[in-house]
Amino acid sequence: VEQRAVYIPEGVAHGFLALEPQSTVMYFCSEGWRPGAEHVIDAFDPKIAIDWPQMALDGTAIEHVMSDRDRDAPSLLDVAAAGRLPQWDACRSHVERLREATPLVDAQWRPAEA
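So the sequence shown is residues 1 to 114, counted in the numbering used here.
Take the hints with a grain of salt, since some may be wrong.
[What the hints assert, rightly or not] FRET-style restraints, in silico, Cβ to Cβ: (1) G36 with W88: 12 to 22 Å; (2) H94 with A5: 15 to 25 Å; (3) A49 with A81: 17 to 27 Å; (4) S23 with D51: 13 to 23 Å; (5) V1 with M55: 15 to 25 Å; (6) G59 with S30: 14 to 24 Å; (7) R84 with Y27: 18 to 28 Å; (8) M55 with L98: 34 to 44 Å; (9) A56 with S93: 34 to 44 Å.
These are calculated hints, taken from the structure and not from any lab test.
Heads up, the beta-carbon is just placed ideally off N, CA and C, and yes, glycines get one too.
The task is simple: from the sequences and hints, build the whole structure.
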């Protein structure tokens with residue numbers, strides 16, 4: 001079993017595609033779910049132009065299984081026009097507030113000393 005991890009900072013768009021049938025994805029969040037705090041953008045938006053693989057590692061065709069929310073997501077241009085793209089400064093401020101409230105890591109993201 002290979003186990004790998006990817007850190008995605010607050011405010012950075014992310015998505016994934018599992019290329020093997022037994023793939024498991026687990027993620028942790030910096031805080032509990034807040035309505036309106038997450039944004040979705042159509043992963044297949046031509047303006048984003050992600051070249052999603054069509055074949056799995058075993059050579060079989062990939063079925064892109066998505067939630068209704070992700071399948072119905074607006075385009076990047078629609079989200080931008082609605083003023084709903086997150087701003088980096090606001091994301092960094094939010095992370096700093098979380099860090100101050102829960103000092104598990106220091107400013108360099110190392111474990112905080114007890």
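Status of each hint after checking the structure:
Between G36 and W88 the C-beta distance comes to about 18 Å, which sits within the given range of 12 to 22 Å. Our hint of 15 to 25 Å for H94 and A5 holds, since their Cβ atoms are close to 22 Å apart. Range check, A49 to A81: about 19 Å between beta-carbon atoms, so the 17 to 27 Å window is met. Distance hint for S23 and D51: a CB-CB separation of about 19 Å, consistent with the stated range 13 to 23 Å.
A hinted range of 15 to 25 Å for the beta carbons of V1 and M55 is consistent with their spacing of about 23 Å. Taking the beta carbon of each, G59 and S30 are about 38 Å apart, not inside 14 to 24 Å as hinted. In this structure, R84 and Y27 meet the distance hint of 18 to 28 Å, their C-beta atoms being roughly 22 Å apart. Between M55 and L98 the beta carbons are some 40 Å apart, a value that agrees with the proposed interval 34 to 44 Å.
The hint said 34 to 44 Å for the Cβ distance between A56 and S93, and at roughly 41 Å that hint holds.
Hint 6 from the earlier list is the only one contradicted by this structure; the remaining hints agree with it.
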